[in-house]
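Going by the numbering used here, 76 is the number at position 76 of the sequence shown; the sequence numbering is gapless.
Relax, there's no trap hidden among the hints.
Pairs of lysine to any residue, SDA-like flavour, derived with a Cα cap of 20 Å:
hint, residue 1, residue 2
1, 55, 16
2, 42, 4
3, 21, 52
Quick list of simulated restraints, FRET-style, between CB atoms:
hint, residue 1, residue 2, range
4, 81, 56, 31 to 41 Å
5, 81, 3, 15 to 25 Å
6, 3, 68, 12 to 22 Å
7, 10, 58, 13 to 23 Å
8, 74, 36, 16 to 26 Å
9, 75, 16, 19 to 29 Å
10, 54, 81, 27 to 37 Å
11, 57, 3, 32 to 42 Å
12, 81, 19, 29 to 39 Å
These aren't lab readings, by the way, just hints derived from the structure by calculation. Just so you know, even glycine gets a beta-carbon here, dropped at the ideal spot from N, CA and C.
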Amino acid sequence: MSESPIIAQKEPYGVEVEEGKAYFWCACGRSQKQPFCDGSHKGTGLTPVRHVAGKDGKLWFCGCKQTGKAPLCDGTHKKLD
Numbered sequence: 001m002s003e004s005p006i007i008a009q010k011e012p013y014g015v016e017v018e019e020g021k022a023y024f025w026c027a028c029g030r031s032q033k034q035p036f037c038d039g040s041h042k043g044t045g046l047t048p049v050r051h052v053a054g055k056d057g058k059l060w061f062c063g064c065k066q067t068g069k070a071p072l073c074d075g076t077h078k079k080l081d
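Let the hints inform the model, and build the full structure from the sequences given.
Take a look at the structure:
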């Protein structure tokens with residue numbers, strides 16, 4: 001299996017998060033529970049990224065898996081073909 005992430009979608013996932021709760025962002029793009037990990041990364045060499053919400057509210061988790069600020073969107077998807 002490839003060690004490169006797959007683009008899950010070319011836009012971020014808006015998710016309502018709870019302060020203090022840990023979220024495990026899918027870094028490989030293979031999860032069926034985007035933007036979160038379902039274990040599909042096994043054998044890829046990629047691992048999910050743990051993110052603990054600092055406050056309640058909406059966060060934008062990267063969908064293209066190319067962000068430089070994992071697990072959150074940094075706008076990189078706008079530069080993809």
